[in-house]
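K.L.:
Heads up: the protein sequence lines correspond to chains E and H, in order.
Take the first sequence: its letter number 102 is residue 104 in the numbering used here, and every next letter is one higher.
Take the second sequence: its letter number 90 is residue 431 in the numbering used here, and every next letter is one higher.
Derived by calculation from the structure, the hints in this document are not laboratory data.
Watch out, some of these pointers could steer you wrong.
Between beta-carbon pairs, the in silico distance windows are [said to hold, decoys possible]:
no., chain 1, residue 1, chain 2, residue 2, range
1, H, D532, E, Y106, 15 to 21 Å
2, H, K371, E, Q153, 43 to 49 Å
3, H, E483, E, T78, 48 to 54 Å
4, E, G48, H, M450, 50 to 56 Å
5, E, Q47, H, K492, 42 to 48 Å
6, E, Y171, H, E483, 31 to 37 Å
7, E, Q87, H, C451, 18 to 24 Å
8, E, N67, H, K400, 39 to 45 Å
In this text, all values refer to a predicted model and were calculated from it rather than measured experimentally.
We put the beta carbon where it would ideally sit given N, CA and C, even for glycine.
Chain residues, written in single-letter form:
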Amino acid sequence: MTENINTSTNEDNHDDVVDLAVSDIPSSAIASSSTIDSGNIEKVQGVIDSLASSYIEWALDDIKNIEEAYILLEQTPENYTENLQAVFKIAHDMKGQGGSFGFYSISEIGDYLCRFINAIESQPTANIIALIRLHIEAMRIILKEKIKDSQNDMVITVISILKNTLQQYVPDLINV
Amino acid sequence: MTTHSEIIGNKSMIEYNLERLNFLIVDDNKHMRALLKTILYTVGGKSVHEASDGADALKELKVFPADIIICDWNMSPLDGIEFVKLVRTGKDSPNPFIPIIMLTGYAEMCQVLEARDAGVNEFLAKPISAHALHARIRSIIERPRPFIRTKTFFGPDRRRKQIDYKGVEKRKANLNMIPIPGSEPKVSQKDIDDLLE
Numbered sequence: 003m004t005e006n007i008n009t010s011t012n013e014d015n016h017d018d019v020v021d022l023a024v025s026d027i028p029s030s031a032i033a034s035s036s037t038i039d040s041g042n043i044e045k046v047q048g049v050i051d052s053l054a055s056s057y058i059e060w061a062l063d064d065i066k067n068i069e070e071a072y073i074l075l076e077q078t079p080e081n082y083t084e085n086l087q088a089v090f091k092i093a094h095d096m097k098g099q100g101g102s103f104g105f106y107s108i109s110e111i112g113d114y115l116c117r118f119i120n121a122i123e124s125q126p127t128a129n130i131i132a133l134i135r136l137h138i139e140a141m142r143i144i145l146k147e148k149i150k151d152s153q154n155d156m157v158i159t160v161i162s163i164l165k166n167t168l169q170q171y172v173p174d175l176i177n178v
Numbered sequence: 342m343t344t345h346s347e348i349i350g351n352k353s354m355i356e357y358n359l360e361r362l363n364f365l366i367v368d369d370n371k372h373m374r375a376l377l378k379t380i381l382y383t384v385g386g387k388s389v390h391e392a393s394d395g396a397d398a399l400k401e402l403k404v405f406p407a408d409i410i411i412c413d414w415n416m417s418p419l420d421g422i423e424f425v426k427l428v429r430t431g432k433d434s435p436n437p438f439i440p441i442i443m444l445t446g447y448a449e450m451c452q453v454l455e456a457r458d459a460g461v462n463e464f465l466a467k468p469i470s471a472h473a474l475h476a477r478i479r480s481i482i483e484r485p486r487p488f489i490r491t492k493t494f495f496g497p498d499r500r501r502k503q504i505d506y507k508g509v510e511k512r513k514a515n516l517n518m519i520p521i522p523g524s525e526p527k528v529s530q531k532d533i534d535d536l537l538e
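Let's have the full structure, built from the sequences with the hints guiding it.
P.N.:
Pasting the structure below:
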């Protein structure tokens, strides 16, 4: 699977480079008839799209879990570090999943929520906690209504409101 | 040993059969695992194992000779970065040379650099698509990176280009300039690819 080689790379101008090797996938494993090509990729994307209904079910479970984490944050703001981390973890998962299943607005709102939480450095005020709630509600509505289209008027409005509100807390949001 | 560069020659459109490759998906989110598994099966993969975190994956690697690992960053108790470091430099690592694709929602340059310096071969920014995963697998097959061992690093060469650079090592010179996470704009998949060119 590996072999030592002596060719030059751009890292080997330095004294501390002591060994070079190259890793290969076994050639016998892939050098046969076709299964992966650009045409098949379109087919794969179709299969992913067909998973959208399952995704909504999974994502609504995530909404339930993030709400539970949010309620803990609301009830015990003194434990904000731990509780924010729990909200962040689920928001981060939703951010990664949403666009992967075609729900790009969920990824965008999840990203905003992650960036907002990252910017919180002290015990959150009631306004900040309410803003977190707004993100969760926005994602819930999009999922309940099964709105996949990022150009949907309601989605555009919700994202615009979130973005404008967040800019005072996350100044670089407009650039991302 | 025949390299893939030799196998693929100058063909512009290469087609591969992935059914004899072993894939290991490492992600603590079962939905993402399901998505990745669906993509891999649909493009011809037959042997796809799963692990829910880095520690689970290390156990799996003892019994499953994976050819490609697809690994998420954000996992506990052992996250993606720690897992990659253990695969690359752990004393009992089953295969330090195994190609690793890191899935990341942390698309900021400082975090991409951290993952690269841990020893990942390829990055796949979330949200993922079949096309993007396909491109990363092709890149591993067609453009394998030579491995480098230094006092502070073991892993795939952090750039593919051959540059006859004689100056101060840029990574050392720029060490104090790396921004903290959350303080810089996100980077695109193209930015990530350009970093590795």
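K.L.:
Broken hints, numbered, in rising order?
P.N.:
2, 4, 6, 8
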